[in-house]
Amino acid sequence: MSVYSEPSEWIKESIESILDQSLRDFEFIVINDNPEHSRIIKLLKEFSEKDNRIRIVSNEKNIGLTKSLNKGLQLAGGEYIARMDADDISHKERFKCQVEFLEKNQDISLCGTWVKEFGNGVINKVKNPVSSKEIAARLLFNNCLGHASVMFRRRICLEQGLLYDESIPKAQDYALWSEMVFKGLKLANIPKYLLYYRIHVNQVSSKTYHEQQDYVKVIRCRWLNMLGINLSELEYGIYEKICTRFPILEYETDNFIRVCEIFRSVDFSKFINQDTITKILNRSIFHYAIRLKHMSVRHRLMLLKTIF
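All letters in the sequence shown, in the order written, are residues 1 to 308 by the UniProt record's numbering.
Each hint can be trusted.
Here are the simulated DSS-like cross-link-like pairs (lysine-lysine), alpha carbons at most 30 angstroms apart as the crow flies:
1. K104 to K192
2. K183 to K96
3. K170 to K45
4. K279 to K183
5. K217 to K71
6. K241 to K170
7. K125 to K217
8. K96 to K125
9. K270 to K170
It is worth saying that the hints were derived from the structure and are not from the lab.
Build out the structure end to end from the sequences listed, making use of the hints.
Here it is in structure tokens:
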């Protein structure tokens, strides 16, 4: 877990949720990426004095989340590595469930969980895809693993040389999960709500949304390159709308159908199950054909005809 300037109460709740895990045997590495902040230093010291499972590592200066996470990965010595954020809360059975899952499913390298969002007047349940096939396919379009919910095998990181890409300061998790799929690793989500994700106005995903989306675009382009998909600027714009479910305008219908046909013609078998990609595309087409109120009947039928 990396700490920067989160409110003390949030940090306390986050740390306590880890210390209260029903699975007790672990080392808790906390990276202090704000070494000159006396409040943070005092708070972390108090916790480390009470529980010897906590290992505080203070950066000499602020180096950012991505580099701090890599430092934590390189310092970790356990069989499994679990992520946590300083403003979220883990269910007390999270570690136990994830270790049991990974022990039972030796072919899975990483597992996340379902997530409950809370705070800022929001209560929302996020059911990300469960199977490795659907996760790999969905990653072509967007991130479908809650970063602070994941646990993965340390051995895999060592064998595959996996670290967070330090050229991606935001959406670094999406980049790492994609790299894992490129290397043929299987990822999964446990269908249980084991992480509580705090929604607040200062988080990266709301405060610097557009900057984050620039890095997401870099990752999506890596996917297209790995799959040998060449899209024009116009076609890429349609692809992004599919990724974000941003409304397709009626005059874009022909281009939308063409992009779907391009994806259907690609051999995904090296990284992704072909049938799963087809299902995702069909769901996207059905979504646009049924839900866009401004679309004419003729264009709705054009879309639906590509499915049936």
